[in-house]
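Given the structure of chain U, go ahead and fit chain W onto it with the hints provided.
Read off the chains here:
2 protein chains.
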Amino acid sequence: MNWDQDITASLSIKYPIIQAPMLGITTPEMVSAIADEGGLGSLPVGGLSPETSLQLIRKVKAKTTAPFAVNLFTHDIPAIDLNDADIMQDLLEDLSEKYYLGYERQDVATFKFHSYKEQVELLIGEKIPVVSFTFGIPDETSIAQLKATGVLLIGTATSVKEAVLLEQQGIDMITAQGIEAGGHRGTFLEDGPLPQVGTLPLVAQICKAVKIPVIAAGGIYDGSTIKAAAALGAAGVQIGSAFLASDESLAIPAFKQALQHISETDTVLTRSFSGRWARGIRNKFMEAVEEAGIRIPVYPVQNSLTTSLRANAQKKDNINFTNLWAGQSAAKAKQEPAAAIFRNLLMQIGASDQ
Amino acid sequence: MNWDQDITASLSIKYPIIQAPMLGITTPEMVSAIADEGGLGSLPVGGLSPETSLQLIRKVKAKTTAPFAVNLFTHDIPAIDLNDADIMQDLLEDLSEKYYLGYERQDVATFKFHSYKEQVELLIGEKIPVVSFTFGIPDETSIAQLKATGVLLIGTATSVKEAVLLEQQGIDMITAQGIEAGGHRGTFLEDGPLPQVGTLPLVAQICKAVKIPVIAAGGIYDGSTIKAAAALGAAGVQIGSAFLASDESLAIPAFKQALQHISETDTVLTRSFSGRWARGIRNKFMEAVEEAGIRIPVYPVQNSLTTSLRANAQKKDNINFTNLWAGQSAAKAKQEPAAAIFRNLLMQIGASDQ
Chain U
1 MNWDQDITAS LSIKYPIIQA PMLGITTPEM VSAIADEGGL GSLPVGGLSP ETSLQLIRKV
61 KAKTTAPFAV NLFTHDIPAI DLNDADIMQD LLEDLSEKYY LGYERQDVAT FKFHSYKEQV
121 ELLIGEKIPV VSFTFGIPDE TSIAQLKATG VLLIGTATSV KEAVLLEQQG IDMITAQGIE
181 AGGHRGTFLE DGPLPQVGTL PLVAQICKAV KIPVIAAGGI YDGSTIKAAA ALGAAGVQIG
241 SAFLASDESL AIPAFKQALQ HISETDTVLT RSFSGRWARG IRNKFMEAVE EAGIRIPVYP
301 VQNSLTTSLR ANAQKKDNIN FTNLWAGQSA AKAKQEPAAA IFRNLLMQIG ASDQ
Chain W
1 MNWDQDITAS LSIKYPIIQA PMLGITTPEM VSAIADEGGL GSLPVGGLSP ETSLQLIRKV
61 KAKTTAPFAV NLFTHDIPAI DLNDADIMQD LLEDLSEKYY LGYERQDVAT FKFHSYKEQV
121 ELLIGEKIPV VSFTFGIPDE TSIAQLKATG VLLIGTATSV KEAVLLEQQG IDMITAQGIE
181 AGGHRGTFLE DGPLPQVGTL PLVAQICKAV KIPVIAAGGI YDGSTIKAAA ALGAAGVQIG
241 SAFLASDESL AIPAFKQALQ HISETDTVLT RSFSGRWARG IRNKFMEAVE EAGIRIPVYP
301 VQNSLTTSLR ANAQKKDNIN FTNLWAGQSA AKAKQEPAAA IFRNLLMQIG ASDQ
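Chains as they are written, first to last, in the numbering used here: chain U, 1 to 354; chain W, 1 to 354.
Excised from the complex, chain U in its bound form (with noise of 0.2 Å):
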C-alpha cells in the first residue's frame, strides 16, 4: 500500500484507517476495539452536553490507553421556527396514533442544543489528541485553543470549496466525503444545492486542491476501495457502514438484519429525520415525511422532534420509524466483533502483518 502521506506518524496510529463517528452507532467498545488494533477509533459526541460527552471518553478511556479521535458537530445553533415545528409535532402525532409509536407533543420553545464550543475546554482537559469535526469550521477561538495544545484537527468536505476554506482556516487534515458515505453530509456552504459529488472524482479533485492530508470517505468497505483510495491520492480512509452491524454497534437487531439484505441501490439521501440531509435504508418514516409534504424544521430542531419516537421504535426493534443511516457499501455488513472486521480489512490490503 503506498499512501500519498503518512498520517500514521502524526496520529500516533498504526495503519490509517479511521473507524467512522457514527452518532447513535458507535460505542465506546467500538472505539477501544479500533484503538487497540492501531486504527482511529472516533468517539462521536456531536451535540451532546459537556456530562454526556465526558462520561462517554472516560469510558473509552477505561478500556484502552491507546489514542482516539474525538467528533464534534460545528454547526451554528439556529432559530426556532415554531411554526414549522407545530405543523411537523402534527405529522407526527398522526403518524404516532396509527402506529402506536408513544410521541409526546413537545414545548418546542424551551428546547435548548448544545453548542461544540461547550466541548472545547474538556477536550483539552482530557489531552484528546485528535479531533475531528463536520456541519462547519471551529470559530477561530475554538480553533486556537485547541492547536495551542498541539491537539490536531480534522475537517470534514463535501467539495473542493469546503476543503480549500478549511486548510485556509489551518485545519491540519480532511475527509473527503463523497455522496455515498451513509448519514449525515457535512456540508457547510449552503451557497446552492447539496453538493453531491462521488469519492471517486471528490477525492481525486481536492487531493490536487489542497497540501495537507486528505482522508476518503463514502463507500469505502473492503481491500479494493482502500486501495483505490490510495489511488485517488489519500493519505488514509474513514470507514462506517462496515462496523454497521458489529458486536459493539448500537444498531438494534432488525436493522443488523436489514443489512443484509439491501443492495447498493436500497440508500437515499433525506432531511426527514434531523432536518439535515443525511443517507440511510428508505423507511416508512422518510416516506410519511415526503408524502406530508410540509417543510421539515432546520436541523438539529427536527433532529430533538423525532428523538422520542426514534426511540420509542427503537426499543421495538422496529425499523420503520427510526433512521437506518448507511452507505452505498452497506450490504452485508458483518455482524462479527469490530475488531475482527477492522483485522479483515487489514488483511486485504496485505497490512496485517506489518
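Errors might be hidden in some of the hints.
Put simply, identical chains are the same to the list, so a pair is met inside one copy or across any two.
In silico lysine to aspartate or glutamate, EDC-like type, Cα no more than 20 Å apart, as pairs [stated by the list, open to error]:
#1 Lys161 <-> Glu140
#2 Lys112 <-> Asp94
#3 Lys147 <-> Asp4
#4 Lys316 <-> Asp266
#5 Lys61 <-> Glu121
#6 Lys208 <-> Asp266
#7 Lys316 <-> Asp172
#8 Lys284 <-> Asp191
#9 Lys61 <-> Glu291
#10 Lys59 <-> Glu126
#11 Lys117 <-> Asp76
#12 Lys117 <-> Glu336
#13 Lys332 <-> Asp90
Don't read these hints as lab results, they were simulated from the structure.
Here the structure is a predicted model, which is why all the values come from computation and not from measurement.
Then chain W, alone, in the frame of chain U:
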C-alpha cells in the same frame, strides 16, 4: 498499471481506455483519433437511421484502419402520450417566444423512432468488431446474430443487478456507469427509483458479482482516477468529459468555454431534455421545465420534441437552451486535439512508452 483482466487483446487495442460515445459531441474524427492512439474509440449511433449510421461509420473508416466500437441505444420504442406531448409543446412554444428560439409546433402523431434492430445488420455488414450499448439489453436474436459473426458486446450497468443480468445474457464486458458520469444514465431496470450509485462502490461491487471484465465509467479524468479504477478491479476505463472540449468535439464554443469555469458540484441530473435521466450543467431550460411542474414525456419522445429548440440554441452559441451533458470531473476539460488529451492520460499512468 495492473489491471484485473487484460481486455486489450480481445478488443485489439493497445490501452484499455475507451473514449465514451457521446451523441451530439463525438465525431468520426474523435473516434479515429483515439483509435489511432491505441485506445478504443466509440462512435455513437443510438437512435439514428441506418443510413446516417452507415455514413458515420464510413467516415471513421476513411480516417483510420484501426478497430473501433459502435454504440447503440437498446431501449424499446414506447407509446406516445399525445396529451403530455401537447402540454410540453405549449411550454416549448412559450419559451421559444420569450427567448426567440424559433420553435415550431410538431405533429407528434407522425413521430417515428428508429430501433437498434434496424442497425444490427449494417454493423455486421461493416464488420464492426465491438458493439457497445446502453438503455437495455439487445433482444436474443440480435445478440445471437452479432455474436455469430464474432462481434464483441459491451453492455452498460448502473447497478449490480443490471450487471448480473447482462452477464447472464451472454454479454462479453460491462461498463459500470457511476452516478458521476455525464450524459444519459444507462439504467434499464425500472423497478424502483433511479440507481444513484457512485463509481467507487459500484465498480467494486460489480467486479465481485460478475466474472466478465468490467469497465469503470463516471468521474474518471486523470492518472489517479484511472489507477483507482484498476485498484477497484476494473479491466479498463471509459472517459467522456475529458474529450468534451477537444478540437474534434461538436460542443459549441460557449459550452467549451463554460467547462473552463464550472466546478465539480455544478452538474445535476435532469429528465428535461430527453425524457431520460442524464447529468449536465444546470441551465435555464432545465429550470424552466422543472418550474413548469408538468409531466415530461418519456424518452425518446421528449428528445424529439426538444431537438429543434436545442439545434436553434446551438446555432446561436446559446448554452441556456441546449443540453450541456458533463460529468463530475468535466471542469477545465482541455481545448486541444483528442490525441493530445489521450496521450496525456497515458503519460499520467506511466503507459506512454509501452
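Hint by hint, here is what the structure shows:
Proximity of Lys161 to Glu140 under the C-alpha cut-off of 20 Å is restricted to the intra-copy arrangement: shortest distance 19 Å within a copy versus 49 Å between copies. Taking CA atoms no more than 20 Å apart as the test, Lys112 paired with Asp94 passes in neither setting, with 25 Å inside one copy and 51 Å between copies. Taking the shortest alpha-carbon separations for Lys147 and Asp4, neither the intra-copy value of 24 Å nor the inter-copy value of 44 Å comes in at or below 20 Å. In this homomeric assembly, Lys316 and Asp266 never come within 20 Å of each other (Cα to Cα): the closest approach is 23 Å inside a single copy and 43 Å across copies.
In this assembly of identical chains, Lys61 and Glu121 lie within 20 Å of each other by CA distance solely inside one copy; the values are 17 Å within and 71 Å between copies. Proximity of Lys208 and Asp266 under a CA criterion of 20 Å is satisfied inter-copy only: 18 Å between copies versus 32 Å inside one chain copy. Taking the shortest Cα distances, Lys316 and Asp172 never come within 20 Å of each other, neither inside one copy (43 Å) nor across copies (48 Å). Taking the closest pair of Cα atoms, Lys284 and Asp191 come within 20 Å of each other only across two copies (18 Å); inside a single copy the shortest separation is 31 Å, beyond that limit.
For a Cα distance limit of 20 Å, the shortest separation of Lys61 from Glu291 qualifies neither inside one copy, at 45 Å, nor across copies, at 55 Å. Only within a single protomer do Lys59 and Glu126 lie at most 20 Å apart by alpha-carbon distance; the minimum there is 12 Å, versus 72 Å between protomers. In this assembly of identical chains, the alpha carbons of Lys117 and Asp76 lie at most 20 Å apart only when taken from the same copy (10 Å versus 59 Å across copies). Taking identical chains as interchangeable, the C-alpha atoms of Lys117 and Glu336 are never at most 20 Å apart, the minima being 36 Å within one chain and 51 Å between chains.
In the homo-oligomer, the alpha carbons of Lys332 and Asp90 never lie at most 20 Å apart, since the shortest distance is 37 Å inside one protomer and 49 Å across protomers.
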